[in-house]
Amino acid sequence: MLILADIDVGKLLGDATRTAVGVPAATFALAAVGLNLHYGFTGLLNFGVVAFMAAGAYGTAIVFTQGWLGGSVLMGMAAGFTFAIAIALMIGLPSLRLRADYLAITTIAIAEVLRISFRSQRLLDVTGGPFGLPSIEDRNAGISFKDVITIDWNPLPDGSHGFWRLEFDEQTLWVMILGWGAVVVASMLLWGLMRSPWGRVIKAIREDEDAARALGKNVFAYKLQSLVIGGLIMALAGMLDAFDTGFVETQQFRPQTTFFIWTVLILGGAASMWGPLVGAVTFWFVIIFVEELLRQMVNSGWVPDWLLQSSDVASVRLIMMGIMLGVLMIWRPQGLVGKKEEAQIDVR
Amino acid sequence: MSAEPVGTVTDPREAMRGVEAQPGSRKPDPILVIDDLVRRFGGLRAVGVDHLEVQRGIITAFIGPNGAGKTTLFNLITGFDTPQQGQWRFDGKPLAGWSPHTIAQAGMVRTFQLTKSLAKMTVIDNMLLGAAHQRGESLLQALLPARWRDQEVAITERAEELLTRFNLIHMRDEYAATMSGGQRKLLEMARALMAEPTLILLDEPMAGVNPALVQSLLQHVEALRDEGVSVLFIEHDMDVIMGISDWIVVLAEGEVIAEGTPDEVSQNVAVIDAYLGTTLGGPSPYEDGQSDA
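As you go down the protein sequences, you meet chains Y and X in turn. Reminder that position 49 of the first sequence reads as 40 in the numbering used here, one-by-one numbering, no gaps. For any residue, its number in the numbering used here is found by taking its place in the second sequence, counting from 1, and adding 6.
Extracted from the complex, chain Y is given alone in its bound form (with noise of 0.2 Å):
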């Protein structure tokens, strides 16, 4: 095969891997285990999912680069955690009584609302406005939240550390222990709940409100508890993207991010464990490995300057990724990793 001669296929394999084990996925794997709660679950269609993480890491970085409550990190985590209760409480309170779909409506419009407010020059002392925070400035004079959890926290030795195409440094590699560590939390914090009498209630929820309201369960504190928890997972992955990135800024906060973890939890099956995980691993393994192959494909001249352009293959990764989502809603409606019987989406 000429073609396979021209492919480097251990960097297409090693940068698909790294990717696929790296903090963004840890990030889209948390966030999918929050909506996991939401949406699998409970059945709250929740399409606001970047108002939390946005609430979680601008409440870090505001506190920590204001020097509010101290200026600590752990202090901004905790104001974080605070704000994506408030957003809960104020998405919740009036949307939950309705029916399904009003949720979502609030939700994507509250996510852009934050976003577009986050964005505008008024708030620009405290958000940063477009420029996000830490300050251009301050990032570089190197001060960041970022050096608080990679080098002051950091045990890891200084050094490369892994094998083959998977070499990390040490900052890089504590994050994304802290980030795995977190979504392994966040798992067992939600198989915990899940198999308990409460995580029951959840389910008839999702299942048939009115049979729940019947059986003398409070259906709205039981939404309302749901949406709290999921949105504090969100928010914790909008801290952990922060940390990873060392600023925060409206961009990564765009709706387009809510749609990728909706999808990385449709592709790993909602209402399952594994999926959020096995979702998140996935998405970044096959993006990358499809824009490297196809980047490759096109610098060896096997595709045609005409069909594609080496800058143009960013957007057809994702035109791939539609496809393979909607292959996978026809022939695997649960997921990869979920239980047929309990498959919340049935196109059929």
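Straight-line distance between alpha carbons at most 30 Å, and here's what the computed DSSO-like set of lysine-lysine pairs gives:
id, chain 1, residue 1, chain 2, residue 2
1, Y, 2, Y, 137
2, Y, 330, X, 126
3, Y, 331, X, 126
In case anyone wonders, no lab produced these hints; they're calculated from the structure.
Knowing the structure of chain Y, use the given hints to seat chain X on it.
Relative to chain Y, chain X alone:
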């Protein structure tokens, strides 16, 4: 529990002997009292009940043609729908304005005409959901299995007993989606019983159930009454109603038009009119009656 205390003065059915077969008649020991309850949908008055008492400890049936307001009345008294006016008391407690779950917690538990089996949950989980006062249903205690495990074991035992009684025990770990329509009716009734209601409201429990199963369902309903649970049910099948009810309330156009024992009701002229129309060829007021779903 199954021994029928027939002949004793305390038997609620015995106590019904002297009750007048009149709409709104007084009962010796009413568990549910409805006063001046009105529900309008636009210009249509779906329910307009002046006064109705439901006796404790017996089986009461609501009958009436389609659109008579039977299900709407169920929805109103269980809090699933809100009346424009009216008051009703359950066990002496005025319930107007209560939410459905607090009404259920008070001991009045209903089933639905269109079964609401929780399809993507197992049969046993459906049953366990029904149990009231579960410590593990509170978020703070959910993560501490030690706090609720003993209770879980106890209600699982009770659920299995009920499943055995309702011939569903072989489906214990199956998803409810795999059950037949009749089995779902049985499951919904068994699940409601897990809540240990004092008054159970069954909305067409026999509809769509295999005739072979109907007999056993009827026995369950009678057994319930003999255990002291008050039963209120909506049904269309006249054989079922006449066979099992201790008292029948006939509704037409949202109003109570007759009450009485099965014998009294089956000879009531107003009832025959409501079901068969008034005069031959004359306009029947019930033809455009909407479905009471």
